[in-house]
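Q: Residue numbers (our numbering), protein chains in the order written: chain R, 56 to 483; chain H, 171 to 325.
Hint data in this document are derived by calculation from the structure and do not stem from the laboratory. Note that the structure is predicted; figures quoted are calculated from it, not measured. Worth double-checking, as some hints may not be accurate.
To be verified - If you want a taste of the chain H side facing chain R, the calculated C-beta under 10 Å gives, among others: (1) Thr197; (2) Ala203; (3) Thr247; (4) Thr279; (5) Lys280; (6) Leu281.
Stated by the list, open to error - Below, in silico cross-link-like pairs of lysine-lysine (DSS-like), each with a Cα-Cα straight-line distance of 27 Å or less: (7) H/Lys221 - R/Lys234; (8) R/Lys270 - H/Lys270; (9) R/Lys374 - R/Lys386; (10) H/Lys221 - R/Lys235; (11) H/Lys301 - R/Lys235; (12) R/Lys458 - R/Lys429; (13) R/Lys173 - R/Lys100; (14) R/Lys374 - R/Lys348; (15) R/Lys337 - R/Lys348; (16) R/Lys169 - R/Lys394; (17) R/Lys293 - R/Lys337; (18) R/Lys270 - R/Lys348; (19) H/Lys301 - R/Lys69; (20) R/Lys169 - R/Lys235; (21) H/Lys296 - R/Lys69; (22) H/Lys212 - R/Lys69; (23) H/Lys212 - R/Lys76; (24) R/Lys180 - R/Lys468; (25) R/Lys111 - H/Lys301; (26) R/Lys355 - R/Lys449.
Unchecked claim - These stretches of chain H come out as covered by chain R in the derived footprint (C-beta under 8 Å, 3 or more residues): (27) 282-290; (28) 300-313.
Don't be surprised by glycine CBs; every beta carbon is placed ideally from N, CA and C.
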Amino acid sequence: MRSSCENSEEECHKRTQLLVKYACARIESVLDSIRQLKASEFPYKDSNDALCRIEKSFQDTIQHLSATDSDPDYINQLCAISLRHLFIYIPILGFILRSTNVRNAFEIFGPLRKIARKALGPKVKLLLSSEWTYSPMIYHEILALLGFVLIGLPASESSNPLLVPLCGHELGHAVWARKKIELENIIKSRFYENVREHITENWQHYTELFPSVDKPEQLSTNIFASTTLWQTVLLLSKQAEECFCDFIGLKIYGTAFLHAFAYLCSPCLSSPRAITYPKLMKRVYYLVKAAKKYQFEVPKSYENMFENRPEPQLASMDKLRLSISDYMLDKITDDMIAKAGDIISETNIPRPSNEERKRICKRFELVVPASQCKSLTDILNSAWQAYHDPDLWKKIPDVLERKNQILKDLVLKNIEIFEFEQILNGGK
Amino acid sequence: MSTLRAKEGETDSVEFLPWGLEDDLATVSCYAAGEVDNLIHKRPNGFGAIKRLRHMIQDSLIDCGTSASGHFMVDPTTAVAMNRALAISRSVDDLDTVEKLIEESKQITKLLDRVTKKAEEGEQNKQELEKLRSLCLALSRSALAFEEPIDEVKL
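In isolation and in its complexed conformation, chain R is listed as follows:
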């Protein structure tokens, strides 16, 4: 909406004053809510720190609004921007509140934050919450919360430790944000290396959609042609980011990530595919390729667990962009696999150990947790091995009857012991 001061100067002034009054009142209401939330009990300080950061930012916004008796167009835009901030931050306040809910498996918080800090830096803060949406999620690049990682798990699974490896994918988004410029430059250079050839091969189709572009050479100079390519680069970047995050999760958690991914995603979601993700079969193919590169065992017939989601109905231009993006993704996944592998290898996140997995499994067979574990990853890989072991607890019928629940409790207890031992050892 453009502002308005087509009417008299007095009317215009009144309108502007009212806009500011409403905008300030809306933010004051949010600040009141934040003050109430701060009275909650927080099991971890990070949630409270996030609230303080958001509170400070909204206080600054009020200052900007209060200090203006300026150009009506400027005030109009300032009020619109502050309204946008409310839409962005109110859900995050809900997330912070839910991070205090006892539905969360607080046992996993400490070990997960350690991994996040090894990957992203020693001062990174973590918020972990159970969310009423089925997809694990992360809030991307929340500007008031730079340095915070916010991971949500579906409420029905938030106390299931077997799905913790999926947090590795979400952590990958935070790694991506940190390395975005470098990673996007790789994508852009690979894209431009290959796009002209691809479009030239489909030139007739391209010119039907973009008749003002006369020849392939114009793809790099004509602003209209470039704009369509830029939009495709953005789409490709989003697809590449999802693959990169899979590779980060895989590199941290090894085979356990593949099991958790299959648990949540197989065979596929029956609704049309989201275009910002690769086709599911491609995604799985890349995962298997990365697992081989990282030398992790791939579960037998893993790819057969999945199928592609239906393709969405798109307008011709979007269809073209998607087809280019799908084609280009093949050209950059090797780079993404290598980059994700290098990034995690450069941290001191422990690599999964087969010996440790076997040792911990032996303890699980006795329905007791293992002591002196070396990493969260080993516990989770043991958990998945136990989950798939048809003979586990066969001789203990009472336990076998409630195998899944007992296994989850046992794993959570093991993670708690692991964390406790780490604290006793000075966090080493």
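Dock chain H against chain R, hints included.
A: This is chain H only, laid out in the frame that chain R set:
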């Protein structure tokens, strides 16, 4: 959303967060318009946003270089936003090449430099400032072109 992003290690630094919620192109451009407006009304009150905006344009459009195939490696979101903003504010004729867009972006960074320098020297060209304010507002409106739409307030 185009943002100035944290480089490694920078998220630990308070200095990286002077803008809190507002470190995206849409908001920085809007605040820059406010600072230009202050200059028009002869009540200068800092140039943090103008300098930030200049830095964003320089990083996302001017310093990006070209690929081996001759494509400009610009940040797509900022490029589209700038192209639209220039058209909306009508400060230039319609651009038909990426080279011209980058050239115009360079002119804008020079203008942003000039405005802060002249403010320190106490002299300003009001017309030039008004033109810059319009451009900043147009950039603020165009900057979210690729952001996923937020639902309307459902009443």
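Q: Would you mind marking each hint as holding or not holding in the structure?
A: Checked hints:
1. At a threshold of 10 Å, the smallest CB-CB gap from H/Thr197 to chain R is about 5 Å, leaving the interface hint in force.
2. Interface hint at H/Ala203: satisfied, since its Cβ lies 5 Å from the closest Cβ of chain R, which is below the 10 Å cut-off.
3. Interface hint status for H/Thr247: upheld, as the beta-carbon distance to the closest one in chain R is roughly 7 Å, under 10 Å.
4. About 19 Å separates the beta-carbon of H/Thr279 from the nearest beta-carbon of chain R, more than 10 Å, and the hint is not met.
5. Residue-level restraint check for H/Lys280 is violated (minimum Cβ-Cβ distance to chain R is 21 Å; threshold 10 Å).
6. Checking H/Leu281 against chain R: minimum C-beta separation of about 18 Å lies over 10 Å; hint violated.
7. Restraint check for H/Lys221 and R/Lys234: the C-alpha separation of about 24 Å stays at or below 27 Å, so the hint holds.
8. A hinted pair counts as satisfied when its Cα atoms are at most 27 Å apart, and R/Lys270 with H/Lys270 qualifies at roughly 19 Å.
9. Restraint check for R/Lys374 and R/Lys386: satisfied, since their Cα atoms lie roughly 19 Å apart, inside the 27 Å limit.
10. In summary, the hint linking H/Lys221 to R/Lys235 is supported, as the alpha carbons are separated by about 23 Å, within the 27 Å threshold.
11. About 33 Å separates the Cα atoms of H/Lys301 and R/Lys235, which puts this hinted pair outside 27 Å; it is violated.
12. A distance of roughly 25 Å separates the Cα atoms of R/Lys458 and R/Lys429; the hinted pair therefore holds under the 27 Å criterion.
13. Restraint check for R/Lys173 and R/Lys100: satisfied, since their Cα atoms lie roughly 19 Å apart, inside the 27 Å limit.
14. A threshold of 27 Å between alpha carbons decides the hint, and for R/Lys374 with R/Lys348 the separation of about 32 Å lies outside it, so the pair is violated.
15. Restraint check for R/Lys337 and R/Lys348: satisfied, since their Cα atoms lie roughly 16 Å apart, inside the 27 Å limit.
16. Straight-line distance between C-alpha atoms of R/Lys169 and R/Lys394 comes to about 21 Å, which keeps the hinted pair within the 27 Å bound.
17. Using a Cα cut-off of 27 Å, the hinted pair R/Lys293 and R/Lys337 holds, with the two alpha carbons roughly 15 Å apart.
18. Note on R/Lys270 and R/Lys348: the hinted pairing is violated, with a Cα-Cα distance of about 40 Å set against a maximum of 27 Å.
19. Restraint check: the Cα-Cα separation between H/Lys301 and R/Lys69 comes to about 25 Å, which is no more than 27 Å; the hinted pair holds.
20. For the hint pairing R/Lys169 with R/Lys235, the CA-to-CA distance comes to about 22 Å; that is within 27 Å, so the pair holds.
21. Distance restraint check for H/Lys296 and R/Lys69: the Cα-Cα separation of roughly 25 Å lies within the 27 Å cut-off, and the hinted pair is therefore satisfied.
22. Taken as a hint, the H/Lys212 and R/Lys69 pair is honoured in the structure, with Cα atoms around 23 Å apart against an allowance of 27 Å.
23. Of the pairs offered as hints, the one joining H/Lys212 and R/Lys76 holds, with about 25 Å between alpha carbons and a cut-off of 27 Å not exceeded.
24. At roughly 24 Å between alpha-carbon atoms, R/Lys180 and R/Lys468 fall within 27 Å of each other, so this suggested pair holds.
25. Distance restraint check for R/Lys111 and H/Lys301: the Cα-Cα separation of roughly 33 Å exceeds the 27 Å cut-off, and the hinted pair is therefore not satisfied.
26. The straight-line distance between the Cα atoms of R/Lys355 and R/Lys449 is roughly 23 Å, inside the 27 Å bound, and the hint therefore holds.
27. Coverage of the stretch 282-290 of chain H by chain R is violated [criterion: at least 3 residues with CB-CB distance below 8 Å; count 0].
28. Counting residues of the stretch 300-313 of chain H whose beta carbon lies closer than 8 Å to any beta carbon of chain R gives 5, which meets the minimum of three for the stated coverage.
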